[in-house]
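Peer 1: Each chain is listed here by its residues.
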Amino acid sequence: MLRPIYYVAKATFHEAWRRRFLNGILVFAILMIGSSRVLMYMQPGAELRMLVDIGLGSIRFFGLLIAVFMGARLISDEIEKRTIHTILAKPVSRGQFLIGKFIGGVTTVWSNIAIMGVAFYGLVRLTAPRVAAAAEGESWVYSLDLMYGRVLGSIGLIFLELFVVTALAVTFSTIFSWILATISTFFIYFVGQMSEFIHQLADPERGATPVAAIVLGTIYRILPHFEIFDMREAILDPARPLPWEHPAKVVIQTCTYVVVVILIGYLFFNEREV
Amino acid sequence: MCFRIRRCCAIATAIRTENLAKLYGTDSEGRPVGLVGLTLEVAEGQIFGLLGPNGSGKTTTLKLLLGLIFPTSGSGEIFDLKLGSPEYKRRVGFLPEGPYFYDHLNAVELLRFYATLFGMSGPDLEKHIQELLELVGMWDRRAIRVRDYSRGMLQRVGVAQALLNDPDLVFMDEPTAGLDPSAQIEMRNVILRLRDEGKTVFLCSHLLKDMEPICDTVAILSRGTVRRLAPMSELLSGDSPRYVLTVAGQSEQVQSRLASLATEVRPREGNLEAVYEDQGAALNAANQIGAAGAKILHVGPERRTLEEVFVEVVGGE
Ligand SMILES: Nc1ncnc2c1ncn2[C@@H]1O[C@H](COP(=O)(O)OP(=O)(O)OP(=O)(O)O)[C@@H](O)[C@H]1O
Ligand SMILES: [Mg+2]
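Just so you know, the protein sequences line up as chains U and X, in that order. Residues 1 to 274 in the numbering used here are what the first sequence spells out, letter by letter. Residues 1001 to 1317 in the numbering used here are what the second sequence spells out, letter by letter.
Take these hints with a grain of salt, some might be off.
[Stated by the list, open to error] Computed beta-carbon distance windows for the label pairs: (1) U/Val259 with X/Gly1198: 30 to 38 Å; (2) X/Ser1237 with U/Trp17: 53 to 61 Å; (3) X/Tyr1024 with U/Thr209: 23 to 31 Å; (4) X/Gly1122 with U/Val260: 35 to 43 Å; (5) U/Val260 with X/Lys1209: 49 to 57 Å; (6) U/Gly122 with X/Gly1122: 51 to 59 Å; (7) X/Tyr1024 with U/Leu267: 21 to 29 Å; (8) X/Gly1055 with U/Leu267: 30 to 38 Å.
[What the hints assert, rightly or not] In silico negatives: residues of chain X with every beta carbon more than 12 Å from chain U: (9) Thr1026; (10) Pro1032; (11) Val1036; (12) Glu1041; (13) Glu1097; (14) Gln1255; (15) Glu1269; (16) Thr1305; (17) Val1313.
It is worth saying that the hints were derived from the structure and are not from the lab. Note that CB positions come from ideal geometry on N, CA and C, so glycine has one too.
Same shape as in the complex, but just chain X:
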């Protein structure tokens, strides 16, 4: 009852951390290694991306949130329960980085084993296992033992076991690593479907191209510290209201004309892009260039890629 009221009247918090830190010592330059102090709040129903370069503390964060390791200082809660408590784990799914399973089992036996840990059993379970294995494209290969799996097959079964208990919150460490292009698309669809079902998804990755189209909110982590935390749309639109005009081809004539009014002109994918300070300037330039016979491809607000934002925030690391 209480649960219902909370869900409909206010957006509840799935994850909350307060200066959560795990220090493994210092590096050669005396900087702390690990997670330095993470303060986060992840609302239910969104896809949250924790992004950062190798060694920035993403996996460390996940392990802390699941109680596999213990914080040096700080605290955190999941569904208002203390980190590590087995109670919230009923509502949580976890796909580890490069998952490892009992390798003498096949996919069905493995899922059956994990299901028993949730107290699930019976004919409904067998049906459920089949559905999950079909979802991840492993049903036809269900008889193969884990020890003979490829990297991508491990990842697929890892997703199936993470969804076994129909979790409200799913943690995924590098979900798209090791997957072929079509499997990556399937993975993306699985994640988006989870959000459509009202679930919360917490992703860790450094594969920005995979994260850009799916994350609602992003935290950029670098050397154990969050450098930027914002909704994806805000992050990509930037602070300035700059406009971009894209013109087909890269002729020098067009380029010099564009340059006369633009802040910046840059080649991109065989075309030219000119950046203007506001909408008026961009439209004005588009009219002039268009009248001169050049082909206008696009006029619109400047959108940066996640990669650009990432490099800007993290620097040359």
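Chain U with its partners taken away, still in its complex shape:
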């Protein structure tokens, strides 16, 4: 049962790592993270803020590009290039194939984030003590250890966020061509960034009509809430609340969401003619 999934995932992972386009994004991300070491001096007095913003921003942004551009092609490319014919003619069920492709895709995304994350975390550990020492006596003080922990936490959240993005991309790629799947995933990602805003719009006490409240409320409930993955504000400010109550809850919610999204993808893929 699990064997075909493993081998499809492995082949997907290997193929993805051979794609120059994706390699290029990773190289660019690492360069970007490295350059934050220099760019941070553009904001005297807020060097760490700059370092964190550029570094985490790069991991998130380039990770997103990798997740979408790879994920949206996972199934649609197999169908468009007809490589799927010989595979589904082997004793591999459609469910096994889909899960294998998804796992291969997610591990590719995660390994890319891991490389970027290690580079960024190393840079923070090297840079932060010096900046802190130079800032001695300034009006704002913070705990370096708390900051390191929260940097790691932020990187962890990017893993979860792109887990959801990859699942969305794969599911769209079972339905659409890769171009449409790419556009749809970006669309959901950007709308998902605004889920809190939509939530407020749906609030009758703020003037939403009953129909709008139902429609927007439903959209809010279906959308992934990408805001919970962003704790950048809290990294340098221990007083800032985290965007979630408990890390375990975020993990469980994310995994549930991913399972549901992939299940929907499976329902489409099972009916898809290839």
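Please build the complex by placing chain X with the ligands on the supplied structure of chain U, with the hints as guidance.
Peer 2: Same frame as chain U, now just chain X with the ligands:
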């Protein structure tokens, strides 16, 4: 155990379809496009040819049989299992039309990948892969990546992956397309060897010259409908017991003599062929002509080519 008994005591059915249809709509003249209703039974151990012009529904049939697309109506079974079920795929091999593979792999990596989907691995597998690549003449070129393959090389590796699991039933879509003459002969030998090993081979093609010498049974498909289904020998011998006399040369004198008794006289490959209603008339004519000094090349029952039968069945399409 059960499996054995079935095999030795009765010829089992490899493929069975019942009004299997896949409709893609209608053409400009309102005729249905796709596969209209296929009822077939393919016994184990034979080479079955599904022949038909371009767009007649051959590839559609194969995709249905492999569960890549789903029927609009009707049903089918392979080894008594519902179409599309992964279970029968352990016993099946498939060479698609103009096959496509992961193009960043080379031949060995590609076969290794497909083998893992069957749960095959280990040193025996490496040996098996070498044998298969030698069989299709790709062992010396095993390091070349698929993206740099020629059409014929794709076809060869396609055959190797179709035979990876030592299948009992092999589907091949246009197996001889894109192959050079010697590769075509090799392909034919591979197919015949599969039958000798007791396997069932299901071929789709419009290349009649390649199919004529190998198929045991033929179905002629046209616009999604089977127009003729018969053993090849029956198809080619025709219904009438007519006889043909072939005489060397095309001299007018011989021609007029032949014509006096024959139903039909026609030139063929620099010689003359006369058709007679029965054996006696043909032998009689052969004696007369021979006594007159003409050179008799052949007297025998009329055999049509598959092409002639095909054109007759399919018409001018
Ligand atoms: N996905 C599809 N959508 C619409 N029509 C299709 C589709 N696939 C096949 N058809 C139509 O169904 C008919 C049969 O196609 P099929 O590919 O089975 O032909 P074929 O016999 O394999 O032809 P060829 O010898 O050219 O390979 C054609 O008219 C084709 O246009
Ligand atoms: Mg075809």
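Peer 1: Indicate, hint by hint, whether the structure satisfies it.
Peer 2: Status of the hints after comparison with the structure:
1. Roughly 46 Å separates the CB atoms of U/Val259 and X/Gly1198, a value that falls outside the hinted 30 to 38 Å.
2. Restraint check, X/Ser1237 to U/Trp17: a C-beta distance of roughly 60 Å satisfies the suggested window 53 to 61 Å.
3. At roughly 45 Å, the beta-carbon separation of X/Tyr1024 and U/Thr209 lies outside the given 23 to 31 Å, and the hint is violated.
4. One distance hint, 35 to 43 Å for the beta-carbon pair X/Gly1122 and U/Val260, holds here, with the actual separation near 39 Å.
5. Distance hint check for U/Val260 and X/Lys1209: the Cβ-Cβ separation is about 56 Å, which falls inside the suggested range of 49 to 57 Å.
6. U/Gly122 and X/Gly1122 have their C-beta atoms about 41 Å apart, which leaves the hinted 51 to 59 Å range violated.
7. Checked against the hint of 21 to 29 Å, the pair X/Tyr1024 and U/Leu267 passes, with Cβ atoms roughly 23 Å apart.
8. Distance hint check: the CB atoms of X/Gly1055 and U/Leu267 are about 32 Å apart, consistent with the given range 30 to 38 Å.
9. With a least CB separation of 19 Å from chain U, X/Thr1026 remains clear of the 12 Å interface cut-off, as annotated.
10. Chain U leaves X/Pro1032 outside its interface by the beta-carbon criterion, the shortest separation being 17 Å against a cut-off of 12 Å.
11. The Cβ of X/Val1036 lies farther than 12 Å from every Cβ of chain U, with a closest approach of about 18 Å, so its non-interface assignment holds.
12. Separation of X/Glu1041 from chain U is adequate, the least Cβ-Cβ distance of about 22 Å exceeding the 12 Å criterion.
13. Residue-level check failed: X/Glu1097 sits 9 Å from the nearest beta carbon of chain U, not beyond 12 Å.
14. Taking the minimum C-beta to C-beta distance to chain U, about 54 Å, the non-interface status of X/Gln1255 holds against the 12 Å cut.
15. With a least CB separation of 42 Å from chain U, X/Glu1269 remains clear of the 12 Å interface cut-off, as annotated.
16. Against the 12 Å criterion, X/Thr1305 stays outside the reach of chain U, whose nearest CB is about 33 Å from its own CB.
17. At the 12 Å boundary, the C-beta of X/Val1313 stays outside the reach of chain U, the nearest C-beta of that chain being 29 Å off.
Figure legend: structure checked against the earlier numbered hints; hints not met, in rising order: 1, 3, 6 and 13.
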